[in-house]
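Each chain, written out:
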Amino acid sequence: MADPIGIEIRNLYKIFGPNPAAHVEAVRAGMTKAELQARHGHVLGLRDINISIAPGSIQVIMGLSGSGKSTLIRHINRLIEPTAGEIIIEGQNVVAMPPEALRAFRRHKTAMVFQKFALLPHRTVLDNAAYGLEVQGVPEAERYRTAMRWIERVGLKGFEKSYPSQLSGGMQQRVGLARALVNDAPILLMDEAYSALDPLIRYDMQTVLLDLQKEVRKTIVFITHDLDEALRIGDRIALLRDGCVIQQGSAQDIVLRPADDYVANFVQHVDRGKVLKVASIMVEPSGAEAPPEAAIDPEARVADALQKMAVLRLQSLRVEAPDGRTLGHLPFQAAIDAYTGQQGAR
Amino acid sequence: MAWLTSFPQLDDGYLRDLKKVIDEGFRNFTRSYGDMIEGFFSPLQTLLIWSERLLLNTPWPIILLVVAGLAWGASRNWRVVIGSVLTLVLIGLFGMWDDTMKTVSMIFAATLLSIVIGLPLGILMSRSDRFQAVLNPILDVMQTMPSFVYLIPVVMLLGIGKVPGLIAVVIYALPPMIRLTNLGIRQVDREVLEAADAFGSSAWQKLIKAELPLALPTIMAGINQTIMMALAMVVIASMIGVQGLGQPVLRAINNQYFTLGVFNGFAIVGIAILFDRISQAWGKRLQKHREVGHG
Ligand SMILES: Nc1ncnc2c1ncn2[C@@H]1O[C@H](COP(=O)(O)OP(=O)(O)OP(=O)(O)O)[C@@H](O)[C@H]1O
Ligand SMILES: [Mg+2]
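Chains as they are written, first to last, in this note's numbering: chain D, 1 to 346; chain Y, 1001 to 1295.
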């Protein structure tokens, strides 16, 4: 497997309608989605998206229904043509690729899991999973071998001769996942890939993805509605509303400092104690007081820190890096504030 | 006020001249290009003669066996097999075996030709809205124009015989093949095509691996309709020299042989039902994967 590759999305606009190019200037100048719809009958899909996805990282995209998540992810392999903007992958602008190059790019660089499965109904699970390799012209024996491996990995062994219509929604979704993984592409596009799965299998599949990520680092764009899922697997999260990115950053950033009420609403039900890390809320050591006796790891969660303070009956912990350096202090009050969401700490 | 009660038509003399000019033109065209066009269509002659010989020279028990085998292979249903064989046996007993074989060979050639022409046209039609807009009215004309009208130019060009008969049948039977191919491909789920694209399928791979298989039930319905319409043309085609079950019917009309007409009429109905059941059963069996639950 080659080195992981990054994705650079720059000034991306998408307007749906008969004559999108005519309205892109108006949208640039600030026309809202509602205005565009009412005055010109065009739908604003995406507005000025700038996201830079590091090689080998997992970028989560969240947002309410209709906020443009699927539209955005389809631009990365150009299933949708943008109205303006560019997408740079390995120094190449995907938007400007001629058809032949685009096809090669889709075959070898990307694989996609679809929100609505999009399996070929007339093909067996095995033939669906092997589709990407078949299109590439890989010989049958080899592609079946690879496909079988992934079918087993997603827990569908024994179903390889079934047709999609004979499987439950969650099983079909796993076929879609296997189909994408069989391609072994450096970029994995997952549009609500796990939404149809029940919680247990969903957790399993998250683990498959994270394990896979340890073996071969892929660059993954992952759409989900589920914040816990986002926090578990996402290195970075971008929040979309009405086609705009309203906040992007690490999970810590977004939980601690939501940009507005929309984001705050998204994160309000999250278990902050289990998400927030000590490092994100610690304070500078103030020379005045004596340093606290007990230390805690900066990567530890706030809930663990509170527990420790309660057990040791301490008002504060020293935050200590694995190499023994003191990075800061964690006062009880700051931990409680962060835990209850009273205020952005620091 | 005479102009209100009788429609103000073009001058009689002018109309007469117009018809004459067109007729002359077409006749001249026929005279100069007739041979060339006949040459162009001669492969059809070969196809027709070959398929007719095949059916007439094969011993009847073998034909019965083949039909039974086809019926079984297509339907896996004994009732269809028995019905098919029984139909043919009755036709044979009533002395219409040879005529039936001639008709079947004609239907076979017409269906084959309709598929060969109709499938690509239907695919093109599904690709381009503009082509669809052009082709649709032409198909309407082909389907609604009384067949006698287009028999005239066909006969002028190619004379009387099998080939002009075949062409007349195909003109009539082709539209459903084109239309249903177009419809079937246009109905294929967009999401599935998107997935095919996402994995880098070429246009050809997408057509072969996704569009045609998914459109197949509709295309099969098109083939079925084409066969039925071809059978409906048997009698008319016999007027320009196509042999088979149509000719006795024609003779029966001219001489008022009621029973002859009825026998041959039922033979046509019999093979129509036979074709219909076998091709529909086959179409259904191709859709096995759709049978069980879920979406
Ligand atoms: N082909 C299209 N033509 C017109 N409008 C479209 C088209 N595709 C998407 N849209 C619009 O773009 C917006 C974003 O749609 P999109 O499917 O990207 O939402 P989403 O965030 O994926 O939602 P969900 O969570 O329901 O999947 C919606 O307002 C939708 O109506
Ligand atoms: Mg979506």
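No lab work stands behind these hints, which were simulated from the structure alone.
Computed from a predicted model, the values in this text were never measured in an experiment.
Glycine included, each C-beta is placed from N, C-alpha and C at the ideal position.
Check each hint, because a few of them may be wrong.
To be verified - Here are a few chain Y residues that face chain D, going by a calculated C-beta distance under 8 Å:
(1) N1136
(2) P1137
(3) A1198
(4) G1200
(5) W1204
We went through each hint and held it up to the structure:
1. N1136: 23 Å, violated
2. P1137: 25 Å, violated
3. A1198: 4 Å, holds
4. G1200: Holds. Min distance 3 Å.
5. W1204: 11 Å, violated
Going down the numbered hints, you'll see the structure goes against 1, 2 and 5, while the others check out.
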